Structures are given as C-alpha cells and as structure tokens.
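Visitor: Below are the chains, spelled out letter by letter.
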Amino acid sequence: MKMSYREALREALREAMSADSRVFLMGEDVGRYGGSYAVSKGLLDEFGPDRIRDTPLSELGFVGAGIGAALGGMRPIVEVMTVNFSLLALDQIVNTAALYRHMSAGQFSVPVVIRMASGAGRQIAAQHSHSFENWYASIPGLTVLAPATVDDARGMLGLALADPDPVLIFEHAQLYNLEEELSADKVSEIRSARVRRAGSTVSLITYGGSLPKTMAAAEMLAEEGIDAEVIDLRVLRPLDEATILASVRKCRRAVVIDECWRSGSLAGEIMARIAEQAFYDLDAPLARVCSEEVPMPYARHLEEAALPQPAKIVAAAKAMLGK
Amino acid sequence: MKMSYREALREALREAMSADSRVFLMGEDVGRYGGSYAVSKGLLDEFGPDRIRDTPLSELGFVGAGIGAALGGMRPIVEVMTVNFSLLALDQIVNTAALYRHMSAGQFSVPVVIRMASGAGRQIAAQHSHSFENWYASIPGLTVLAPATVDDARGMLGLALADPDPVLIFEHAQLYNLEEELSADKVSEIRSARVRRAGSTVSLITYGGSLPKTMAAAEMLAEEGIDAEVIDLRVLRPLDEATILASVRKCRRAVVIDECWRSGSLAGEIMARIAEQAFYDLDAPLARVCSEEVPMPYARHLEEAALPQPAKIVAAAKAMLGK
Amino acid sequence: MNTSLATGPLPFARDFALQLLEDMLRIRRMEEKCAELYGAQKIRGFLHLYIGEEAVAVGSLHALRPVDNIVATYREHGHALVRGLSMQSIMAEMYGKREGSSRGRGGSMHLFDARTRFFGGNAIVAGGLPIAVGLALAARMRGEASVTACYFGEGAIAEGAFHESMNLAALWRLPVLFCCENNLYAMGTALSRSESQTDLCAKAASYKVRTESVDGQDVAAVYETTCRAEQYVREGNGPCFIEYRTYRYRAHSMFDPDLYRDKREIEQWKQRGPLHGFTARLKQLEMLSEEEFLALDAKVGAEVERAVAFAEAGDWEPIEDLALDLCAREANK
Amino acid sequence: MNTSLATGPLPFARDFALQLLEDMLRIRRMEEKCAELYGAQKIRGFLHLYIGEEAVAVGSLHALRPVDNIVATYREHGHALVRGLSMQSIMAEMYGKREGSSRGRGGSMHLFDARTRFFGGNAIVAGGLPIAVGLALAARMRGEASVTACYFGEGAIAEGAFHESMNLAALWRLPVLFCCENNLYAMGTALSRSESQTDLCAKAASYKVRTESVDGQDVAAVYETTCRAEQYVREGNGPCFIEYRTYRYRAHSMFDPDLYRDKREIEQWKQRGPLHGFTARLKQLEMLSEEEFLALDAKVGAEVERAVAFAEAGDWEPIEDLALDLCAREANK
Ligand SMILES: Cc1ncc(C[n+]2csc(CCOP(=O)(O)OP(=O)(O)O)c2C)c(N)n1
Ligand SMILES: Cc1ncc(C[n+]2csc(CCOP(=O)(O)OP(=O)(O)O)c2C)c(N)n1
Ligand SMILES: [Mg+2]
Ligand SMILES: [Mg+2]
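Line by line, the protein sequences give chains C, W, X and E. Under numbering that gives the first Met the number 0, the first residue of the first sequence is numbered 0, with each subsequent residue one higher. Under numbering that gives the first Met the number 0, the first residue of the second sequence is numbered 0, with each subsequent residue one higher. Under numbering that gives the first Met the number 0, the first residue of the third sequence is numbered 0, with each subsequent residue one higher. Under numbering that gives the first Met the number 0, the first residue of the fourth sequence is numbered 0, with each subsequent residue one higher.
If we strip away everything but chain C, and leave its shape as in the complex, we get (with noise of 0.2 Å):
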C-alpha cells in the first residue's frame, strides 16, 4: 500500500490512541488546526478534545506538563510544532524529563513521547530552518529518532510510547509529502541503523531528511562507477555503533551528512566515534556535508546554496576517491 510520510504518523497516532486509553496528543493547533502539518488532521473528530488537546501558545508550559503527565501515568504525545520553538522548552526536557529516573534512582520515570517537524527547505528563514536534533542526541537519559522512510514514520511511534523513559522524534518538514510503499514487515525496534543501499567503496552515513538527498548522489556516483553504502541512522541516540562501523570497516572510506551546522553537527559526533574507533581501518580522511554556518537565508538560490545537496555529496566522495 502506498502510503504518505503524514499519513503514516496520522496511522500510527490512530492506532496508538486506539490501543491504549493512556495515550493522547496535545500542542498547539493539533485539534481543530489539525496539526500545523496537517499530521493529526481528523482525529479530533475521532478521539474528541481531551485526547486530542489543543494548547495555548506555551511551550514550556505544555511539554512540561506532557512530562507531568507522564509522571502521572499517562501516556502522552507531545507534538512542538517546530523543533525551533523547542527551545522554550528545553530546559523541562533537559532539566526533567531527562533526569528524573536517575535523579530519583529509579523510583519514578517519564514514558513522553515528544514529536516535532525540523530541518530547512522550504523557505521559510532563519527562525524556523534550524536542525537542533544533535544538541537532543548529546543529553543522557533521552532516546531521539529521526524517522527517514514511510516505514519508520509509521512504525516508529508506537515502539516509542512502548518505552518507558522519554523518546523524541523528529520529523524532517521535507518529508511529509514523500510517498512510499508501505512494507508488510512492520518496523520492529528503535535501536539500530540500516543498510539503505548496500555498496563497497564509500559510506554515505546520514538520517533524516538528509536521507533522500544522499540516496539520489548514490545513484549519481553509480552511474560514474562509484559503489557507495547509505546508512540510515534512524536512532540519533543512542547511536548504533556496530552498524556504523561495520560499513566503514568494509568501505574504508566515510562521508557523513546532516543538515546542522557543521561544527558541533551530528555528523562530526560519528566522525569521532569512527576516529576513535576505526582509525586503523580508514583509507582516507573523513569528510561530512552539513549546511553552512550561517542564519538559514530566504532566497531559495541561497538556501539551497546553504544545504547539503546531492551535488556536495558526490564531490565530497569523490574527492575523497581522489577523482
């Protein structure tokens, strides 16, 4: 079945409020709105007010009391309608949600899932293009997806709620309109990357909404003979390093992307790991393509001029081939 990226998170919100009472979904616009993405569209309908809980203009308030919620045994989604305004939030994620089943040595836990849209593309300027999701990754005690496929946006949610301790997902803006077939395996755990195209003489390690942009310059450096490996992250924390390492092992050469900053991205995180750990296994430098240090500009020439791009890519791996 053929399936949008929305319509698989608006599936599994459906099915998780179906199956479990505990569950529900609150934000800002999620109700009558019907979600800034049109994610939660109809399910107000279908679940009424209480589950389907529209929230003032609150962000600390509201993810903070999504984690209260949680405390008190609910199972709540909190959806932050961009990963930008999550920066009101951070400090109840950081601060609570995080902490409290170590804190309180294990005597209490925080079982939230929390949603937003990240990443840039769409024009809409420095405010609202930011990729926050490595500073997430860095914090102990939370589990940070970053749905890439079809698959995983419908599969991901409900082994999320299924954790116990807090989980956020991010969802790339750009992939919302992606249609894909909708495989008959359902996605079965939240730990590992994946192979998304197998090759052997370069690793394209990237997540997100970065995938679809790495997977077109894998075509484009099939078609100049160059086998490159795509690896889909898919868990931003904690990273799965045996998947990582195990393509660069055999490809002995890396480029990681992502969409943040270059310094301090995610991307320069994995370069360490394989830099500590696979050095001795490396034929080249390691390269990464991130965006470029500047406020995400509005001019469609120069924002795409600061995002990663299939192009990039490419060069960065052939560069690395020495051709």
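Just so you know, not all the hints are guaranteed correct.
[To be verified] Incomplete in silico selection of chain X near chain C, CB under 8 Å:
hint: 1; residue: R43
hint: 2; residue: F45
hint: 3; residue: G103
hint: 4; residue: G187
hint: 5; residue: R192
hint: 6; residue: E316
Don't read these hints as lab results, they were simulated from the structure. Note that the structure is predicted; figures quoted are calculated from it, not measured. Built from N, CA and C at the ideal position, the CB exists for glycine as well.
Following the hints, position chains W, X and E with the ligands against chain C.
Guide: For chains W, X and E with the ligands alone, coordinates are given in the frame of chain C:
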C-alpha cells in the same frame, strides 16, 4: 601581582564600566547579593543600581532585554547565574542575538556580552552541573570564550565588549578561586588558542575548567618521560584550527579533554576537524576524555568518577602511546 | 463585537485623514498583490497577510515619532510600509532579491530598517517583547525621550516571554507601548481556548500596567487612543498596554485552510472593514468624493505596480555572499 | 507584617495539635543538625534550610491525602519529612550514601519518594510548576480524585513557567494547589524589587484562579486555609493559589553571607517563630506542659541522632553503578 580569577573578572568589570558609560551589568542578584559567585561584590556601591542592575528571576526576559539594550546602543553585560538556567533564555540567544546582523543584512548589530558560570565539581547535582558551551559553540553569529587563566579572566571581557557582535563567556565555577600571577602583558586578542605547555609526544587539547586537570596530567606524564603539549583553546567559536592542527602535526597524537558529555561534546568536534584535516599526520587513533553520559550525581565519589580527571587523561595518553 | 461603523466628525484635519486612508489602501493593495504573487510562486515560504487589520498599524504608527523604536511580528508588512520602508524594498525582499530590505535573507517575516528604527519582523511568537523592553531600557539609560512600540498578537499572551516582559517593563517603569493586536485567533486557536482570562486588559493590569482597549477597525479611534497612551509613556509614567480589537479576513498563512472559523463570523467582521468604514465616514463628512477615492486607489495601484516591477528587475544575491554580515569581524566558523 | 502571635482555641483536637508541633520540631531539629553537619563537611553542595518556615509545610501537607501528588523545590527537606520520607533516608541522601532516598545521586535538593507521591525536589526555580499541571491533568484524565500540590517561592512568580502553568491549570480547570511560600526574598532580591505588583494574590487572580493568603507562621491557620482550598480543588472547581506569608531565619544557602536583609527585620520575624508561637498557644490552652514539650523535643532529638547514625553507617554507591537507572533499557550512549 597575584590575583584570583574572581578578582580578575571583577577588575575587568570595573575597568569596563569606568571606561564606557554605555556598559552596564545586569542579572539575578548581581547587585545587593554581590553575585552568586561574588564576582560583582562591591560594584553596586561603586556604580549604583542602574548600572549594576538586579533582575527578577526571568532568564528569557532579561537576556532578551540585554539583547534589546545592545540594539538600542548600550553595551550590556548580562550575567546568567549558571549555564543551567541559560536554557530558559536560549531562544533569545539563538533566535535573536545570533541572527540579527545577518538577517537584517548588516543593518543592526547586537554588541551584548553574556557571562555565565558553568561546569561541575561542586556536588550540586544534575540540574546545576551542566556544560553546554558545545551547543553555544555551534551557533553561527556568536563568539564563545572560555577563560581558563587569571590573565584571560582579566583580559577577555574588555575585548568582548569591543566586539560589535554577541560574545558569550563561560566561567567554569571551579576556577573562581584560582590564584595566579597576573602577567605584565595584557591579553590582546580573543581569536587564538594558546600553547600552555610545549611538548612533542602527544597533544592534549582542552579549555576552561579542564585546563588545570590537563596541566596536572601533563606533569604526571612528564614524570613518566612523556612530553605532552597542552593546548588551551580559549576561544570555542570560531575555533583556532591553525594552532590545533600545528600541534597535532607536531605530536602526531591527540587527546581532547572537556567536561561535556562524550556524545556531541566539543571534544568530538575537535576530533572531527583533525580527522578531516590532519588524518595523514596521525600515528594513532584520536581519543577524548569527557564526562560520563549520566546526569551529574551529588555524591562526591560518583561526581569525581563522572568527570574528566588527570588520571584518566594520563591513561588515555599512555594507551595511545602503547604504554 | 460592536457591529456598527464609527461615524461623526474626526478629531483631525482632512489632509491627515486622507493620509491614513491612503496608508490603509497601500497595505491592502500591496497585500492583495502579494497573495496573487504567492499563487504565481514569486513569493515563497510563509506569508501572513494583514488584510482586515490595516487600521491598527496605520492609526498607531501615525501616533509615533521618528525617534521611536518599532518591534513587530511575522505579520508585519503593513507596519513596515507605514513606518517608511519603501514598497519596493518590501516587495523585493519577498521576492528574495538583493534589493530587498534584507537582501533576500529574511523574506516576508523579516523586514528590517535601521533608518526608521524598524527592528523587524520576528517569527518567534512573543520573541519581540523582551527585545522591546531592552530597547526601552537603552533609551531610558541614554536619556532619549523615545517610546518603543511592540506589536504582538493575542496568542502571544500565553507565552512566558509576555509575562516576563510586562513585569520587567512595569518594574523598571520603561517606555514600552505594548500593542496587542487581538484578532481573536492564534492560527486555529480562539482566544477563549488559549486564555483562562479573556479580558486582556485585566491580564495586563495585573502587572500594574496602564491599559487601553480600542476598536481596531476604526483608524481614528486607534490613532487617538495610541496618542493618549504614547504621551503617557513618553512622559515617563511607565509602560502602557493597548488592546486593538481587530480581525484578519484571510487565513493565518497561505498554508492555512481556515476551517476553524464560522463563515458568518468572518462576514460580520467584513461588514466593519477598516477601509470601507473609514471611506464611508469621510464621504459622509464630505471630505472625500468617490472620484477622489478612485484617484487615490489608482495612485496606490501604480505604486504597487512599480514595486512589483522593481522586484522583478532585481538581482539575486551572489552565493559567494552567503556569509556576508554574519559577523562584523572575519568569518566566524 | 502582623507582629502578634495567634492565640485562642484551636479548630482541631489536642492529638492532632501535638502531631503538628512534633512535625515542626522534627524539621527544625533535623535542619539544625544539617547545618552542623555542613560545617563538618559531612553534607556538601547546596543546602537550603527551611528554618522559620516550618508551619507552612506542616500545616499544608497535613491537609492533604496520600493519593495527592507533591511537587517541591530545592528547599524541600521539611516537605519530604512531613510527607513521610524517613529522616534516615533524607539524612543518608544528604551524606550521599546509597541508603539515601536517591542513593546519593540527588543530595539535599533532590529528595524523591514514589511511595508517598513525593515528586521531588527541583533545583530549577519554577521548574516544578508545569510538572504539577501535568500530574493534575493525568489525575483528571484517569478519573482520580487527587490534588497536586506544588510548592514554590515568591521569586518563582517572575518566571514565564509560572505564567504558563497558571494559565494552563485555570484554562483546563485542573486540580492544582499552587502553594506559594512567600518569604519575601529570592536569594538577595526582595519581592518589591522583582515584582511590579507585590500583591501576589492579585497576580494569581488575573488567571481567574481562586486565591487565599494566610499567615504562614501560624500552623493552625495554614492547616485550615489549605483544607478549604484543597476541598475546593478536589471538588473539581479548578486550581487554587495560596500565599503563605513566611520568612526564612537562615541565609538562602550555606554560601550566602546574608547581607541584604536588615537584622531588625530578621529579629522581628523571629518574634513570630512558628514553633515558639504554637508552643505558647498550646501551653496557654493547657494542652502542653513544659515537661511534655521537653519530652517531645527529646524524642525528636533521638530521631535525629538515629538518622545521623544511619547515614554515617551507610555505604557508598559503587562507581560501577554510575549509570544505573539512567534508562529502563540497556545503556543509552
Ligand atoms: C514560539 C512560537 N510558537 C509557535 C509558533 C507558530 N505560530 C506562528 S504564528 C502563530 C499564531 C500566533 O497568533 P497571534 O499571536 O494571535 O498572532 P496572529 O497570527 O493572530 O497575528 C503560531 C502558533 C511560533 N512562530 N513561535
Ligand atoms: C531558573 C533558575 N534561576 C536561578 C536559580 C538560582 N536560584 C536558586 S534559588 C533562587 C531564589 C529563589 O527564590 P524563591 O523562589 O523566593 O524561593 P526561596 O529560596 O525564597 O525559598 C535562585 C535565584 C535557579 N535555581 N533556577
Ligand atoms: Mg491572533
Ligand atoms: Mg523566597
């Protein structure tokens, strides 16, 4: 003249306030209380409550107000009591301070200086022991400083105020009582890293509160006949790649030390840059010594175990040398 | 909602009245064109139209002085235009051209102009309020007699930033004019579903801030009320909060299917259109003939056409200049 | 400040009165010991004493039920103790021992107890308020008749989190008891220098939340007022805000030189000590003799000694268990 890090900061504040009537200090308890780390003690009497301005507990509000005051022609120094509370103000730093000049195509600038205490080691537990300078160092448009010596504590503030763009200063809480001889030459720039100890065998790269630990580790290594070089980054954004790479090229081995959680640490970013640019100069895998990936515990022995320590740095360096 | 239109004599001269009318018309026609250009994909990203709310920006900004600071939101085309940005630079910015007010970096939500002290365009709801507090603090410390006017929607009131900013401004008695554009909805969320207390002046008063509430569809009333408030603030009495009761006729943004409002409600508010109402009043007062109105409209139409032509003819910022103006100093990476 | 002590008959029986007295005494003696142990470096880090404010925790927590949720601050030893954590587990936690309520991970600021629904200890000012809103939301959605009591200082009111939480609780009519411990200072900042409106009930009322203000030095009044509020909240009428007017006799924390308060002010408040006042009243009512008081004090003293001995005898958590309880699942790096 011998002086404490705290006194050096106070002297720098006093000098800046005396030299330029546009400069003022604002923050929680900077006035009557004297600053939570006693940095501004006595300054209220000297400069009055308008220029040593106590604020309510409103981090988002008063950091934003500092940014606005900078836009309005003042030279505010905003003290955020600790980096932990800066999360509440992060939106203003990311979405306003860092963007204004670029987004307005150079029409506006934000000459604000934001100081904050950071780091662990005082047994004040998980909500009060963070190191988020890595996050701040990833934001284009900001300059991020980490004075680790009394000279830098004395000299950096004035230079930061002279910068027409936003500058963040991280003062590691463990350094306030550090006493050192103030050197005769004034600190004259905030662009470059410094070699704090010349060496030839392994490059130990660090900053801020980890510098004393790293220097101690270098001494311990010296006793074992290992000649470590210690680099103090001083400026966390923009990174002084030239100094880092020169040291790594000389020593051919590097351990990076900081107090961030390992995943996403600034240490990881440094390693990524080395892996990109000095790969062929390396004789061994890169390594880092960071904090363990847990919320910082209160109990002393657990906190010590969670933090970088000289012994761990020594062990990492020796492992790298096969010793 | 008061459904009648304001009538009767005006508290100011005909020339000024015509200027108010013209400015409202300029916003209206410019934005109608923007909507069209959005359809033609000349303008992209988010586009939030101010159509229906014009009297607020026009009446209030005309009460302010060049020395004053303006802080606005993402729904700020009208404010930028009335404050004195050229329609050309606004249109070029929306096209993403280098002739735009921000060389195409900002787009619709991020118009800036140092000359007129227009501090932007801010796409973070309530993000402008702390900035306004700081601008007012700077003005006070520098001994300037300026007022900082900060615009925001009623949706922003739920944000912590509103609370912290109101308290700081009141505590320090700063010259801030908090201009709340209450158009009853924040995206799809009606005020009654976002605030336990829907009397916004009562909320603001809890900070010991003086408050005013005015029919935002009546440009004369907006002007008068803002003048009164502006004077109070300028004289050093501390901040003032003004609620402008208004309505947006269009959807929240070009992505919004607008399914959460009753069509009758929209129609009712359209009966009280700010342009329509003011034009009728001027005619009734014999200050304006239909002919004069058409001439004015034609003049404004020509300005819009010129702005579009200017934007069309503009250049793209070279990609090499991506990092231009990131920092005053050398590249910062 | 009302300088007289409460007198006259009590609204409850002698047994209960003695229990209130004993709990106040337990907090006082425990904390006096903590201060001593801090001097001896047995307790480290931050230590915020509640001495002088005991009547608030004791009177209010006795008005609540086991099913209720408690959210507290970093000044929470008293609340934890009254709620039912053993003095031993509190003391061991402050020693950083594995027998502590959080195995030594939390220390003074982070006491937790699932059994008594004590959700901690939170060292971020106002950080507990949104959590309390969520706990109350969960209770309502689950059909539980519980109340969530959230303690915070008057300093927290300036935070955006206060504003957002009050609005959410009021908008959704949630069973939250906002317990504001107004001890007049936030570290060195007096209320009048942090709030434009110092009448805290007026602030809270602007959210259409019911409010109460009570003398926090009078444990009987605290109990009665909280009972009234708790009942209102439990019956589903929405949240209530209670201001407890109190005072801390000690410095903010052990690092605070306490130079910002007038010594006379401190002395005046000490005249109205909650323990002193209640003891005098009980004696006047002939419910307590000096002998009985001394016996009670001796009993409490013995409890303190046992707690110290317990903490002293405790073990250190093995370093291998640093990451224990980080996540329920396997190690998360
Ligand atoms: C902090 C933040 N949260 C959410 C959004 C998304 N958003 C943009 S506009 C808007 C509605 C704001 O409503 P209001 O303040 O009433 O202004 P109006 O659009 O009606 O002029 C929302 C929710 C945002 N931009 N910033
Ligand atoms: C968000 C935040 N900002 C600042 C601090 C530092 N701090 C700790 S306690 C405190 C004073 C709080 O005063 P109040 O709320 O009145 O409570 P009290 O200490 O008087 O009980 C401050 C400023 C903090 N812990 N959290
Ligand atoms: Mg609105
Ligand atoms: Mg207080």
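Visitor: Each hint needs a verdict: does it hold in this structure or not?
Guide: Right, here's what the structure says about each hint:
1. A distance limit of 8 Å between C-beta atoms decides the matter here; for R43 of chain X the minimum to chain C is near 4 Å, and the interface restraint holds.
2. For F45 of chain X, the shortest C-beta to C-beta distance to chain C is roughly 5 Å, which falls under 8 Å, so the interface hint holds.
3. Below 8 Å, beta-carbon pairs count as interface contacts, and G103 of chain X has one with chain C at about 4 Å; its hint therefore holds.
4. Taken as an interface hint, G187 of chain X checks out: its beta carbon lies about 3 Å from the nearest beta carbon of chain C, inside 8 Å.
5. The interface hint given for R192 of chain X is met, as the beta carbon of that residue sits about 6 Å from the closest beta carbon of chain C, less than 8 Å.
6. Hint status for E316 of chain X: holds, given a least beta-carbon distance of 6 Å to chain C, under 8 Å.
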